[in-house]
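Residue numbers (this note's numbering), protein chains in the order written: chain A, 1 to 331; chain B, 1 to 331; chain C, 1 to 331; chain D, 1 to 331.
Worth flagging that the hints you see were computed from the coordinates, not collected in a lab. Heads up, some of the hints might be wrong.
Short derived list, chain C residues pointing at chain D, Cβ under 7 Å [to be verified]:
| hint | residue |
| --- | --- |
| 1 | V102 |
| 2 | P104 |
| 3 | L197 |
| 4 | G260 |
| 5 | K261 |
| 6 | A263 |
| 7 | G267 |
| 8 | D327 |
| 9 | S329 |
| 10 | F331 |
Reference listing, derived: stretches of chain A covered by chain B, where coverage requires no fewer than 3 residues with Cβ under 8 Å from a Cβ of chain B [unchecked claim]:
| hint | region |
| --- | --- |
| 11 | 99 to 105 |
| 12 | 243 to 254 |
| 13 | 264 to 275 |
| 14 | 324 to 331 |
Ideal placement from N, C-alpha and C gives every residue a C-beta, glycine not left out.
There are 4 protein chains.
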Amino acid sequence: MVQGTVNWNTQLDKEWLQEYVDDWVSFYRKHTKEGKLASYIPILGKANPHHLGMAIHGKNGMIIRSGDVDTPFTIQSISKVISFIVACMERGVGYVLDRVDVEPTGEAFNSIMHLEMKSLNKPFNPFVNAGALTITSMLEGDTATQKLEPIYMLFEKMLGYRPSLNQEVYQSEYESSARNRAIGYYLIETGFLEEDLEITLETYFKQCSIEVTVDDLAKIGLLLACDGEDPNTGEEIIPRQIARITKALMLTCGMYDASGKFATYVGIPAKSGVSGGIVAVAPPRVRNQQFPFIEGCGIGVFGPALEDRGNSIAGIRLLKHIASQWDLSIF
Amino acid sequence: MVQGTVNWNTQLDKEWLQEYVDDWVSFYRKHTKEGKLASYIPILGKANPHHLGMAIHGKNGMIIRSGDVDTPFTIQSISKVISFIVACMERGVGYVLDRVDVEPTGEAFNSIMHLEMKSLNKPFNPFVNAGALTITSMLEGDTATQKLEPIYMLFEKMLGYRPSLNQEVYQSEYESSARNRAIGYYLIETGFLEEDLEITLETYFKQCSIEVTVDDLAKIGLLLACDGEDPNTGEEIIPRQIARITKALMLTCGMYDASGKFATYVGIPAKSGVSGGIVAVAPPRVRNQQFPFIEGCGIGVFGPALEDRGNSIAGIRLLKHIASQWDLSIF
Amino acid sequence: MVQGTVNWNTQLDKEWLQEYVDDWVSFYRKHTKEGKLASYIPILGKANPHHLGMAIHGKNGMIIRSGDVDTPFTIQSISKVISFIVACMERGVGYVLDRVDVEPTGEAFNSIMHLEMKSLNKPFNPFVNAGALTITSMLEGDTATQKLEPIYMLFEKMLGYRPSLNQEVYQSEYESSARNRAIGYYLIETGFLEEDLEITLETYFKQCSIEVTVDDLAKIGLLLACDGEDPNTGEEIIPRQIARITKALMLTCGMYDASGKFATYVGIPAKSGVSGGIVAVAPPRVRNQQFPFIEGCGIGVFGPALEDRGNSIAGIRLLKHIASQWDLSIF
Amino acid sequence: MVQGTVNWNTQLDKEWLQEYVDDWVSFYRKHTKEGKLASYIPILGKANPHHLGMAIHGKNGMIIRSGDVDTPFTIQSISKVISFIVACMERGVGYVLDRVDVEPTGEAFNSIMHLEMKSLNKPFNPFVNAGALTITSMLEGDTATQKLEPIYMLFEKMLGYRPSLNQEVYQSEYESSARNRAIGYYLIETGFLEEDLEITLETYFKQCSIEVTVDDLAKIGLLLACDGEDPNTGEEIIPRQIARITKALMLTCGMYDASGKFATYVGIPAKSGVSGGIVAVAPPRVRNQQFPFIEGCGIGVFGPALEDRGNSIAGIRLLKHIASQWDLSIF
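Isolated chain A (complex conformation) (with noise of 0.2 Å):
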């Protein structure tokens, strides 16, 4: 391991590393005026649009802070990496994997359109609704108690505390359930669901209103840098085919039908929700040892306001920004 190479650790670089990061938020957060709140549930509309926090946790134990890190929020659309990898855990990759493509779409995540026009025999991917639905039909149990466990328990594996329902927001997305029931119902008919719709629905619209902090993504996205091995303990959480394949899923589909934008321009694997949460993969490099974080961090971004395909806008522009600084891109 590299690591060993690296003398940088003391006091003095992380005050020096977290003085920067403050710095670039609070310039951020000025960006958080351009976006809007996500609309289609009426409860993340109450959030603050002005609201900006960044947690970064290195391989090497480091943990920078910055912004409005103690808002929790819910998890939406991340939800879908966490149920992806315990289906692939539940079911093997290949089962799951002949059942949702891994194409990103050109397309927004809540489109019909695309599985009508192309006749196609499985979803896009597993991060547009139609293969997050068809992910969460297949997790084992026949209630959305039972479905949801194996999530919670991943969950409380990787942030060392069993995260809680927001159960007004659960209601919320369930009272907004309409377009998510559209694709479900298309699911039924081409044979893609195979559960009942309301247990799916429910297990769904749960996963999503998981309530996390940046300090929980920015710990999922370093379990997912180490490959799914607890960076502390060695223990392998997540099996390591399937972090990765999940890894390049997120690069490719993450950040809606922005994702080959954030690939070219930030260049590390993602994944976005419409609550303004962002998890973020820096993976170990051997390029640039200049700072710590090349051997591998998560990031957890938190800003409510959105752009126009529902990615937290100063988020995007914040981590566009700390890629570039410290060469995180994979690429």
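Use these hints to put chains B, C and D onto chain A, whose structure you have.
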């Protein structure tokens, strides 16, 4: 650099690797019969469908060659990588990416539909034909010869010799150009094309008709693995930023509408052409130093029997196998 | 009225016509074997695919019946004509056409794609499912029973009796409703649907499950040929403007995505359903008075073997033949 | 014939009708300001947007003219009616309809998307550009001059004189031909086009650049109202079957993607062009004999300010008003 810590490079290792690679190439050659030669340009249909060859050029100087390595073939769509690089060098990355997006499409490379359906203000990415023609139209110069000169010069720097045009293939392309003309006129009408279409098409068909070998592709791949810097002399042949953006694009859009699957199952930047060539880039990685190629290598493959998306059928299976055996994935 | 100038109607003529029609029906019955029963509602798959029956009801009182005229069948999509008329009578034509367009689509009747692709502000027309569900949601009443009552009342006026619901077909429709639910939820999300979806669907499936015979369809056709006026009593059953708009819609959109071909080759307003029924309207014409039906008639056809667009295969060929023989085309 | 029973045609009636028509034309001229001149062919943008003129030619010899009736204009897309008729006369209806479908599209007239999206085996209908170019390519002859001669001859028979080409408009069309070239090359690639594209385009742009007046269009409309038979001489100028198919096509596809609305609200076969011309056909009807035109008339309209689909904005409103006042609808 990690390089120093690797004590590989003895003759023994090379022989041992060569044996493996020979086995794999002869195994996957059997898969060629599941594919089909390209048919849309008549002359490509005359290739030998059972051919399969591969060259691997490592950062550390090691070269492994196996199978049909001496058959020259035209570069076809892989030239889109080169013209994109040259356009970025001539015009600046900002200029180019203002005019061509970097999003994967989910559509075939020669789709016109997408342009119309989404009322796009720019083609989806530089590797679909609409984007590639737009890129070619940006190249400096008033004639095809002037526009091609910097492309030839870049080839010369990368390959150590000036490759030649296959006149017969160029003629065949020119005579089978209806679809590209349809796209070209669509681009004129929507204002994307910067030049006379005839000059753009002549340039484009000529850039596609440049003849290369698997060693040439491996050299190009290695140069990109080294972020554009000549691994022997340290000279910057392609600016670092451009090299890295190019790799991001190859990963998200390089393998036609199978790019997502290639990213997931193989996990390295690559670009294919309908003549059966693939250039793949395995950048240095910290993860696994048991194999020398982890320090970075370029891979050139040639296998003219294609799967239904237009990629060498044996080529992608061979790359998948090697990437898995040597842990090349960037994820 | 031209009527007075026609001195046809003797027993002789009728026998002569009957003979012809019998010949045609038995000839086209052979064509039923080129078609297939509807499969998407399981119970429709149990019909006898070799059935073919026709009834012609003339304005002058003449009735010709031939083939399998006594088999009742569910009205299916032909009910879209009736619900459109009732909605226009209840809400006014302006209200209805503000909410549903009247354009042919070129797409299948159950397409969702079109709604999304064009970001439409209203469904394409009242005869695609998206439009028909929107129309049904407009019907007055808080329950399916209340909404259906005016439909039954209109049937009673047109047919002289109150038709009954085929409970078994209704049940089968209800259980095969995934695609219509998908469309329904899409309509909810986009704000087209005015009512609770469950009530709309119950109403819709019930209106589709009303049982009729070819004579019933011929009566409906005749009433439309007479611009909504009862040919015997002169009573206005459907307001003239609504009857005429309905005929225009039937001509442009009545035969699924074969409407253009039906308009060209047959040339009369018609609407088909997947149970194999067709109602056709031959309005009075000045052109050719050699045949009494030129004064106007309604035609009901039943032939459950369908072509690939969902129309009775023998039925449309039979109508084409008759329209040509008797010069029924409105063009 | 009903004709004999009508005792209209006195000077009084004509004056009385003329007064009405003058009122309507001057009322609807105000609507021209809500429209816009065609912009895609530069020279069309030089027309006077406030122009509105109409000519009505009745089967009984009556002629009513009102507004800007003396301004000549190029026939544009209305020529698609003529080339379709000539192709049917030269090749036979079967040959033509085997190669071009007769379905409305729901898409803009210059869509390429539909061809690709549906992998169609023929263009949607003769009045979208893809279909019209295919029709023009079928015309007999090896040069544009040879192909155009039968078109000119048909015009001569219909109008009583040989119309001339507006060379300036032709030049402008030719220079703004990118979209039509895109469609043309798409047609070549998919095998629809029967001829050299340059000859097809020259023929097509020339047929579009033929100059007519509202009286010419009214004569064409009247001839179609009479099923192709000269109302004065009884000579068959267009075979009856072709005339009737043409009217069916005009009704379902004649007014671009507003054809369904025109069929519903106006209810007569019509074809418009982007120069602002409309030819409308009111065939004889039995229904209402209070107005002489019910015996059949042709209507020519010119109003170069267009609505967003490409139809004369004042022209369609004027036609809607007249059709309603005189009960012209064929439904």
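Tell me the hint numbers this structure goes against, listed in increasing order.
3 and 8
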